[in-house]
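> Sequence:
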Amino acid sequence: PSFFAAIVISLYCRLRSIHYILEVRDAHPDGMIASGVLKENTVIYKVFTFFGKIMYSNAQKIIASNEGIANRLKAYTKSNVEVIFNGFPDKMVEVKQIKYEKFTLCFHGILALFQDVPSLVKIIQLLRDTEINIIVIGYGPKESLLKGLSQKNFSYLGKLDPDRTLEVISKCHLGISIRTDDPISRDSFPVKIWEY
-19 PSFFAAIVIS LYCRLRSIHY ILEVRDAHPD GMIASGVLKE NTVIYKVFTF FGKIMYSNAQ
41 KIIASNEGIA NRLKAYTKSN VEVIFNGFPD KMVEVKQIKY EKFTLCFHGI LALFQDVPSL
101 VKIIQLLRDT EINIIVIGYG PKESLLKGLS QKNFSYLGKL DPDRTLEVIS KCHLGISIRT
161 DDPISRDSFP VKIWEY
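Taking this note's numbering, the leading residue of the sequence shown gets -19, the next gets one more, and so forth.
If you're looking for bench data, these hints aren't it; they were derived computationally from the structure.
Just so you know, not all the hints are guaranteed correct.
Claimed, not checked - Cβ pair distances, simulated, as ranges:
#, residue 1, residue 2, range
1, K82, K139, 23 to 31 Å
2, L(-5), N51, 23 to 31 Å
3, I(-11), L107, 40 to 48 Å
4, Y(-8), E81, 47 to 55 Å
As the list claims (entries may be wrong) - Below 27 Å or equal to it, Euclidean Cα-Cα: the simulated DSS-like pairs (lysine-lysine) are:
#, residue 1, residue 2
5, K58, K26
6, K132, K122
7, K58, K79
8, K19, K33
9, K172, K151
10, K79, K26
11, K102, K79
12, K139, K102
13, K102, K127
14, K151, K122
15, K172, K132
16, K172, K41
17, K54, K41
18, K102, K151
19, K19, K58
20, K127, K79
21, K132, K79
22, K19, K82
23, K122, K102
24, K139, K82
25, K172, K127
26, K139, K79
27, K102, K58
28, K82, K132
29, K54, K19
30, K82, K151
31, K82, K54
32, K151, K132
33, K102, K132
34, K58, K82
35, K139, K151
36, K122, K172
37, K54, K79
38, K79, K172
39, K139, K172
40, K33, K58
For each residue, glycine too, the CB sits at the ideal point set by N, CA and C.
Go ahead and model the full structure; you've got the sequences and the hints to work with.
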């Protein structure tokens, strides 16, 4: 669940003496600080840190999606933190590997704080006069940077449902993931990498 929901659920579990295991894909509250949602040393940050430590410390086990997140979580808890690389959707096994006729590059995901969309735009513009097609699937605060692009080898498809997204990206030849240069991005392993 989201960080907020996980705190509420874990507090409920603690009050009812229910054991729980957490699966964590973002090390909060660190992620909220890096994204600018929270400021360090504010009251709300201290509240989230306090309840986050309770949540993490009372988990029977914590599953992290990569080593970077696991190391961040170890600063908050002595609970057993185990890395299990995950994120590969079962449906990918069933997807036919029929590629587009022209070499096609793709990017998909939420176009938000930790995605380096300005660099993606530069790549798209650098490939303007090539025979390489570029497809972007996604939505979010930075999508306006892509909506204004107009070139014959670029398609912005916006938000698609997961099945349609997998269908499109499976036909592409190369998937890219461009992240911002910050500690949260350096510690992440985006799920889209498994799909690519």
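> With reference to the structure, classify each hint as holding or not holding.
Okay, the hints, checked on the actual structure:
no. : hint                       : result
1   : K82 to K139: 23 to 31 Å    : holds, 24 Å
2   : L(-5) to N51: 23 to 31 Å   : holds, 30 Å
3   : I(-11) to L107: 40 to 48 Å : holds, 45 Å
4   : Y(-8) to E81: 47 to 55 Å   : holds, 54 Å
5   : K58 to K26                 : holds, 19 Å
6   : K132 to K122               : holds, 21 Å
7   : K58 to K79                 : violated, 47 Å
8   : K19 to K33                 : holds, 18 Å
9   : K172 to K151               : holds, 15 Å
10  : K79 to K26                 : violated, 50 Å
11  : K102 to K79                : holds, 25 Å
12  : K139 to K102               : holds, 21 Å
13  : K102 to K127               : holds, 14 Å
14  : K151 to K122               : holds, 25 Å
15  : K172 to K132               : holds, 25 Å
16  : K172 to K41                : holds, 25 Å
17  : K54 to K41                 : holds, 12 Å
18  : K102 to K151               : holds, 23 Å
19  : K19 to K58                 : holds, 25 Å
20  : K127 to K79                : holds, 25 Å
21  : K132 to K79                : holds, 19 Å
22  : K19 to K82                 : violated, 46 Å
23  : K122 to K102               : holds, 14 Å
24  : K139 to K82                : holds, 23 Å
25  : K172 to K127               : holds, 21 Å
26  : K139 to K79                : holds, 21 Å
27  : K102 to K58                : violated, 43 Å
28  : K82 to K132                : holds, 13 Å
29  : K54 to K19                 : holds, 21 Å
30  : K82 to K151                : holds, 10 Å
31  : K82 to K54                 : violated, 46 Å
32  : K151 to K132               : holds, 19 Å
33  : K102 to K132               : holds, 16 Å
34  : K58 to K82                 : violated, 51 Å
35  : K139 to K151               : holds, 17 Å
36  : K122 to K172               : holds, 18 Å
37  : K54 to K79                 : violated, 43 Å
38  : K79 to K172                : holds, 18 Å
39  : K139 to K172               : holds, 15 Å
40  : K33 to K58                 : holds, 10 Å
When held up to the earlier numbered hints, the structure conflicts with 7, 10, 22, 27, 31, 34 and 37 and fits the remainder.
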